[in-house]
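Q: Sequence:
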Amino acid sequence: MNPAVSTLTQRARSIVKDPFFWTGSREMSGTALGIAAWGLVTGVAMVKSGLSVPLALFMGLTVYAGSAQLAVLPLMTVGAPLWVVWFTAICVNLRFLILSSMWRSYFERLSLRHRLGVAYFSGDVIFVNFMRRYPEAKPRAEQVPYFWGAALTNWFAWQIPSTLGIFLADQIPLSWGLGFAGVLALVGVLLSMLNDRATWVASIVACTAAVAAYALPLKLNILVAIAAAVAAGLMAEQLQKQADKLPKIDSSSANHNQEKRP
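Mapping the sequence shown onto this note's numbering, position 229 (from 1) lands on 213, and the numbers just tick up by one.
Mixed in with the good hints there might be a few duds.
Listed next, the in silico SDA-like pairs over lysine to any residue satisfying Cα-Cα at most 20 Å (straight line) [as the list claims (entries may be wrong)]:
{"no.": "1", "residue 1": "225", "residue 2": "205"}
{"no.": "2", "residue 1": "122", "residue 2": "93"}
{"no.": "3", "residue 1": "32", "residue 2": "11"}
{"no.": "4", "residue 1": "225", "residue 2": "71"}
{"no.": "5", "residue 1": "225", "residue 2": "119"}
{"no.": "6", "residue 1": "122", "residue 2": "70"}
{"no.": "7", "residue 1": "122", "residue 2": "152"}
{"no.": "8", "residue 1": "1", "residue 2": "127"}
{"no.": "9", "residue 1": "1", "residue 2": "139"}
{"no.": "10", "residue 1": "32", "residue 2": "7"}
{"no.": "11", "residue 1": "229", "residue 2": "205"}
{"no.": "12", "residue 1": "122", "residue 2": "139"}
{"no.": "13", "residue 1": "225", "residue 2": "214"}
{"no.": "14", "residue 1": "1", "residue 2": "136"}
{"no.": "15", "residue 1": "122", "residue 2": "59"}
{"no.": "16", "residue 1": "32", "residue 2": "82"}
{"no.": "17", "residue 1": "229", "residue 2": "181"}
{"no.": "18", "residue 1": "122", "residue 2": "82"}
{"no.": "19", "residue 1": "1", "residue 2": "11"}
{"no.": "20", "residue 1": "225", "residue 2": "197"}
{"no.": "21", "residue 1": "32", "residue 2": "1"}
{"no.": "22", "residue 1": "1", "residue 2": "17"}
In short, the hints are calculated from the structure, not lab data.
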């Protein structure tokens, strides 16, 4: 066996045997049903938009981004120029540029090949679960197995239903609205994270910005919402830290001093 392949196989086995791999998989399984429904409706939509089965399978495996896939399908259907299709997909996925900058503190020590794998398998819900467990940007040994447990669970939860949707497109109508289950899954994860003032502020700002910028083309309101949420969350967190550093007045001491005054 090739030494590089042998090393990669051994590394993969050690990750799978790590208990944090299964912790990540278990925590990700809570949203797997919603992700599966979203993947199913995306597979159906690709074929119903006119893509051949081989091309739909290729797109599902290489793109692996439901929002981008659904955004470019209408453009491909009407024969839009290729640069418009690519530009639309890039704009929809620009949020991953922000997310990857936050991933970097955790995974920058990994090899380039490993980081490219992380980039392909990362996703919104994986990011939310990971940051909820590891809010401090400090590398820890269990983070890599945890990520891969969550990432592979998410990948299979998406790809298997998406592939079924491609082959069963004629039997599954889009009117079922299965994609909404994926939205509900994301909302459930979001609500579980609203445990401090900074996340509440970031969530409210993100919702407001997304609605206010809804008229922007190419779904740029998603990027606007993420940028606004990150800025608002960091600002709220910084203000909270400054407030915590201020000296606290002991009410009992203050009342005692007032009693001493004539």
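Q: The structure should be examined with respect to each hint, and the outcome stated for every one.
A: Do the hints match the structure? See the list:
1. 225 <-> 205: Violated. Residue 225 to residue 205 sits at ~30 Å, over the 20 Å cutoff.
2. 122 <-> 93: holds, 11 Å
3. 32 <-> 11: It is violated: about 33 Å lies between the C-alpha atoms, which goes past 20 Å.
4. 225 <-> 71: Violated: residue 225 and residue 71 sit about 40 Å apart, past 20 Å.
5. 225 <-> 119: holds, 15 Å
6. 122 <-> 70: violated, 35 Å
7. 122 <-> 152: Roughly 45 Å separates the two Cα atoms, so the pair is violated.
8. 1 <-> 127: OK: residue 1 and residue 127 at ~14 Å, within 20 Å.
9. 1 <-> 139: holds, 19 Å
10. 32 <-> 7: Violated, because 37 Å separates the two Cα atoms, which is more than 20 Å.
11. 229 <-> 205: Violated, at about 36 Å.
12. 122 <-> 139: Judged against 20 Å, a Cα distance of about 26 Å means the pair is violated.
13. 225 <-> 214: Holds. Residue 225 to residue 214 sits at ~16 Å (cutoff 20 Å).
14. 1 <-> 136: holds, 14 Å
15. 122 <-> 59: Distance of about 42 Å is beyond 20 Å: violated.
16. 32 <-> 82: The given pair, whose Cα atoms are some 32 Å apart, is violated under the 20 Å limit.
17. 229 <-> 181: holds, 17 Å
18. 122 <-> 82: holds, 18 Å
19. 1 <-> 11: Holds, because 17 Å separates the two Cα atoms, which is no more than 20 Å.
20. 225 <-> 197: This hinted pair is violated, its Cα atoms lying about 31 Å apart.
21. 32 <-> 1: Violated. Residue 32 to residue 1 sits at ~41 Å, over the 20 Å cutoff.
22. 1 <-> 17: Given that 20 Å is the threshold and the Cα spacing comes to 25 Å, the pair is violated.
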